[in-house]
Structure formats: C-alpha cells, structure tokens
Amino acid sequence: MNFWNDPINFIADWLRGLLTSRGMTTGLSTVILFFIGIVVLIIFAMMLDIFLVWVERKVVARFQDRLGPNRIGPFGLIQPFADIIKLVIKEDITPAGADKLVYNMAPVLAMASVILLWAILPLASKIYGVDLNVAVLYLVAAGALGTLSIIMAGWSSNNKYALLGAFRMVANMISYEVPMVVTLLIPTILANTMSVKGITDAQHSVWFVILSPLGMMIFLISAIAELGRAPFDLNEAESEIVAGFHIEYTGMKFGLFYAGELLHAFTFGGFVAMLYFGGYGVFGLEKFLPFLQAPLVSALIFLAKAMVGYWVIMWVKYSMPRIRIDHLLAFNWKFLTPLSLVVLCVTAIASKLLSGSPTWLVAMVMFLANVVIAWLTIEILRGVGRRQRKVEEHLTSPSSPLVRHGSE
Amino acid sequence: MSIPLSWYLILAAALFCIGLFGVLSRKNAIAILLGIELMLNAVNINLVAFWRYLDPSRMAGQVFAIIVFATAAAEVAVGLALIISVYRRRSTILADEIDLMKW
Amino acid sequence: MQNDWLYIGLFLVIGIIVPIVPLVFSALVAPHKPNPIKQSTYECGIETVGESWIQFKSQYYVFALVFLVFDVETVFLFPWALSINQLPIFAVLEGILFISILVAGLVYTWRKGLLEWI
Amino acid sequence: MTPDQIIFLISAVLILVSALMVVITHNLVHAALWLVAALFGVAVLFAILNASFLAVVQVVVYIGAIAVLFVFAVMLTRKELRDRGTQTRANWWIPALLGVLILAGLAYLILGQPDVSRTAPAIPAGVDTLRALGTALVSPDGYALPFEAASVLLLAALVGAVYVAVGRKS
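Residue numbers (this note's numbering), protein chains in the order written: chain B, 518 to 925; chain R, 8 to 110; chain G, 12 to 129; chain E, 399 to 568.
Same shape as in the complex, but just chain B:
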C-alpha cells in the first residue's frame, strides 16, 4: 500500500501507528482518526462552498451578459472571502417577536443537513466518508432535516412572508420528495444494493443513465425542486414575498442559508453523477489506463462530473421563469409521480426478466422501454392538450353562450 494507491488508509495507518505507540487503545485511536477524517472532509466541503460562491456569481453574470466579480484578486477569486468578512461583521438582528432558540437553531440545522450528505459521498473508490448499507435512504433522511429547518425558520421569524415562504417551500419539497424517492429506487434495483459505493461500482460497464434515462431526468427535476431553486423558487419569490423563509435573517445566519443552498446544489450534482453517470468511473476506461484508477485522479473526475451537474442546475435556474404554485403541484402529482411509478414498475420487471442476460441486451431493452414510455407519455399529453384546447375554443367562440352574454 502506498500513498498513490490508497492515500486515506496510508495516512490513517501512519497516524494509528503513531497513536497506538503512545499507549492508546485501538478504540480511542479509531475515534480520533474518525474525528480527524471528518474535520478534514467538512473543511474541504466548506472550502469548496466558498469557491462555489465565486462560480455561481461568475456564471450568473455570464448568463446575464455581465462580467461578474472581477476586482478583488485574479478574476475576482478573493471576492467570496470579502463577502464572508462582510457577513461576519454585520449586525445580527433578531426580530422582537421571534422565538429565539428555534430562530437560531434553524440556519445551523439547514447547513448541517447539507454537510451530513458529505458523509456518504464517494469521491473515489478509496476516498469516502462511510459506505453505509442504507446510504440511499440516508440521503432522503438528511433532506428531512432540511425540511424541518425551513419550517423552524419560517415559523420562528414571526413574519407573514417568512411563514408563507416556509409553507410553500415545504409543500414543494415534500411533494417532489415522492418522485425523488421513487427514482432512487431505480438505481437500487439495477445495482441490487443501497450503498452508494456499490451503485457506483455497478456502473462499471454501463451507466445507469442508459438503462433509465427517464429516471435520471425525473431525479434531476425533483432534485432541483428539492433545492428550491428556479423554476421552483416560489418560496423566495421576490415580487410576492420578498425573500421567503429567511427574510428576517441577517449577517452570518443568512450566509449559512445561502452557502447551504449552494453546497446543496453542488452535492446534488454529485449525487446525479454518482447515481446515473458512473460516479468516479470513466466508461470503463480505467481498465486500459490504470492511472485513472488512482484515488486522487478519480476524485478529480468525480468533482468534475459533479460540477457539470451543478452547472446544469445553474443553467436551468438562470434560464427559466418561475412557475405558479398550482402548476408546480399539478406537475408533480399529475405527471411526475405517476410517470416515475411507471418507470419503476417497468425497470423492476425488466431487470427481473433479463437477469443473467448479457449487458448489451439489458442496456438495449431498458433503453427501448424508456423510449416507449416517453413516447406514450408525450402522446397522452398531446391528447390531453388537444382536448383542453377544444374546450377553450368552445368557450371563446362567438357562438358560445358565455361570450354572447359577455358582449351584451
């Protein structure tokens, strides 16, 4: 074992030797190693978060035909640090009627629920926090803590806008959690495991996006909704409720919500990459090019894929208008949820019937099944749309009783 092939265990063994040679028990040294590993991982995530602030501002600027931050440091790279200093030295205002304890706990919980996701994110085959055997559900559980933090923030602020924003956000998040959980079931069925590392390794020969493109799309859409980013951002619709659930938060507490949202988006980019785009793998190329298997290189590959996912999320955010709450809920319950359940059933049957067949056959059948489902869905939608248009034409045509009444 050397540093290049397995950096984490290399350092861990060295540290463990150092600790046990000082007369420490194995249990205690394990806890201390865990502690060091966790602190390093979280600090890495926070550093990445600071970098993401810069990326987000630069990308939105380009989308809006501006330059973005470019004064402080090269390409404005030092700008986020200036932002942080500003946020830290701002006065922290707590509204008079607020429920102090709950009010202060909410931003901490919001950030913690995002950080918790990094415990299971496999950066490389040998760089990961923990390979939990229920990791896929753990992702949903961390999201539940996020929902809770939003309710707490909205309720404790003692502000109508905050409460309205929180209610909308929670209705949004819990609705889209259903298709998200269903599309998490699809990789679970395909890989026959719930551990994220197992799911990544199962995509060695073929990525799950080929086996279930519809599942990938539904997961991406519901992830964006879960994040509360545009076009699902009516929790902080500026023109209606100013800033939504975090309207009363100032200074660093607002900063935690903001940084949490960015890191959340990036982490979900990482999960899309991991569940459907092969995680740290590269098309099975690592069989021929062994250096791609080195943990540090595959970690870079994973971060690059996550960044692409994050970029898609940003792309959607900055090019789509906000949708209305009735459309948002109808889209989820009348379209996304039934579709995801159909895809789930088809995937389950197909993977059972085809178990043992060669990979290319499985991939082809699954892909074709998805194409057929997509085609049928579009046909049904077209039929519904045509019927609706007919009704509207009938209502607005000159012979319609409604219109005649209106003109008299």
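It is possible that some hints are incorrect.
Unchecked claim - Straight-line C-alpha distance at most 30 Å; calculated DSS-like pairs for lysine-lysine:
1) G:K49 to B:K677
2) G:K44 to B:K603
3) B:K714 to B:K607
4) B:K851 to G:K123
5) B:K907 to G:K123
6) B:K607 to G:K44
7) B:K617 to R:K34
8) B:K677 to G:K44
9) G:K49 to B:K607
10) B:K617 to G:K49
11) G:K44 to B:K617
12) G:K49 to B:K603
Stated by the list, open to error - Facing chain G, from chain E, some residues (calculated, C-beta under 10 Å):
13) A502
14) R529
15) V564
Just so you know, these hints were derived from the structure itself, not from any lab. Remember, predicted model here, so these are calculated numbers, not experimental data. Note that beta-carbon positions come from the ideal geometry of N, C-alpha and C, so glycine has one too.
With the hints as your guide, set chains R, G and E onto chain B.
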C-alpha cells in the same frame, strides 16, 4: 453490545408512561396525538430490542416495527384530519368540548 | 456496521458544531445596537397588521397527507427492491400490486379534485 | 461503563427529557419540535441495535413526514396556537400518579424476569439483515400478507383522511 436488555425495556416503559400521561392530561386533541406517537415509539423500541436480543436471524421484530410505522402514519393522517374537521365545524380542538357523542 | 454509525454520529455532532463557529465568531466581532424599529417585523416598510401566525388554507394539509402516505409506502419498497434478484417473479408482481394500491389512492384524490390548487 | 453504554445513556436522557417536554410544554409547535428530538433519539437507539434500515426510516417517516403533518395541523387550528395558557387538565396529577404507578409496576415485572440482563448475541455471519428483511416482507411464507395489508390500510387512511379533512365537494 454490552447493554443489558433490561435497559431497553425500562426505557421503553418510561417512554410509554410519559406518553400515557400526555394522552390523559392534555386538553388539546393534537397534543393527545403527540402522546400517542410517544407510546407507539415505546412499543417499537421493545420490538426492535427483542429482535436483536432473542434471534437476530429471524426478522419478525423488524417486520412488526415496520407495520407499526404504517399504523402510526395512518393514525396520524386520520386523527389530524378528524381534528381539522372538528375545528372547522365547532372551532375548538379541546377534547373536553368535543362532547356531542356523550349524551 | 457499528463503526459506520459511530462515524455518522460523530459527523452529525461535528456537522452541527461547524456552522455554529462562524455564528459565535460573528457574535464576538459584529456590533450589537438593537432598537425597536430595527427589531420590528419586516414587511417592506408597511406597518404590520394583526399577528404573524396566520391561519393557512387546508390545501397544504391535503398535500402533506398524500405525501405522508406515499412516503411511508415508497420507503417500504426499498427492502423489496433489494431482494428482487433472490426472489421469484411472483415477488416482483407483489411489489407492483403494492404500487398499484398506492396509485389507487392518488387516483381517488385526483378524481375528487383535491389535487387542484384553488 | 463501555462506550456503547455511554451512548445509550445519552440518547436515553435525550429521549426522556424531550418526551417530558412534549407532554408539558404549553406551545404546541414547541411540543412538535420536542417530539422530533425524542424520535431522533429513538432512531439513535435503532442504530445501536443494528437495525440501520429502521433507524433511517424513523428519520424519514417521523421527522420528514409525521412532524411536518403535525406542524401543518397546528397552523391550521390557529386559535389554540396563541393560547399560551395552561394546556393540561386541572386534575393532571391523577394521570401523573397513574403513569408513575404503571412504570413502577412494569419495572417490577421486567426486573423480575429471569435472564433479563442478558446481552445481545452476535449477528450470525453471512446474514445480511437488510436483504433478509426484504425477503421476509415479500415471500409468501414470510410476511407478504401483512405487507399488502399495510398498503391497503394506508390507502384506506388516505381516502378517509382526505374525505374527512376536506369534506364533500360539489
């Protein structure tokens, strides 16, 4: 795993009794439901502890716990719906004032 | 197994402490001069009318209800999804029966017109 | 004291204190939040007991869904939300006494059982409890019927709750 089984059983019993106290002493119907949730969780602790301490290779305890989850969800859904419906009609959710069936 | 959860537990504790650090730091260096205007509820400069904890439409409750049932049921599908490979095709159909019962609830709510946001 | 005993005691204290706060706090939203803390403690217990699936489901179902439903219900019945006065009955000491008596009785019964201070056996090697749970839930000689019955129960709950909450709609 050096925790004696009795610890779990005592903890579950204490949780159950706290839940019972909540159910019997609260006036607000929603608070009564909160107490029932505590009691259901006490049952779940027992079920899972027995699964782990008696025969971990048979899954009966965990399956029971899952059924309890489903029951708890159903109970909360219907219970809160009833409370909201009563609140609409009589604009109270105090259990003492919902006494139409008493006479 | 146990070590995994120890790791998650430690991660939770540290993950909660890390966001508290900048808050504490901010409390030390930031000014603190409260006054009643500053602490009043922000409503774009308009005086607050009535209390903030207003009553909500029951529509939110209906969606939370449908979500609760779906959440519980989809979570139960995870053990099923894991054991598909070991089980006969009958078990897969059983899972699909489970899903169709779930869908029946959705169809009922839909037909009652409760999924419309009015 | 071994480390897992210490973790057990910490989570037990968390559960009991939060449960007490659930039943005595006046503010209902606070009561719901304390319930979340208590249920989180129960999830920790499940993790200690090697029931990782149940630990995660506890968080997803209780904190992610049931607690949200409770908070929504509290907001919908707003009048009581302002009611910061006493939320307990005048004769609250009778249930309290009853609770203490039942606890004493149960503790007496539990501690009187033989072999109650046994420790957990090791999980047999090669048994994947997660897969075993899945197989038990859907195999016909396992718990297939209760599994489907749970789904019917939830369907009935959904239909009934929606009907009751919204009422007849023209």
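Are any of the numbered hints broken by this structure? If so, which, sorted upward?
3, 13
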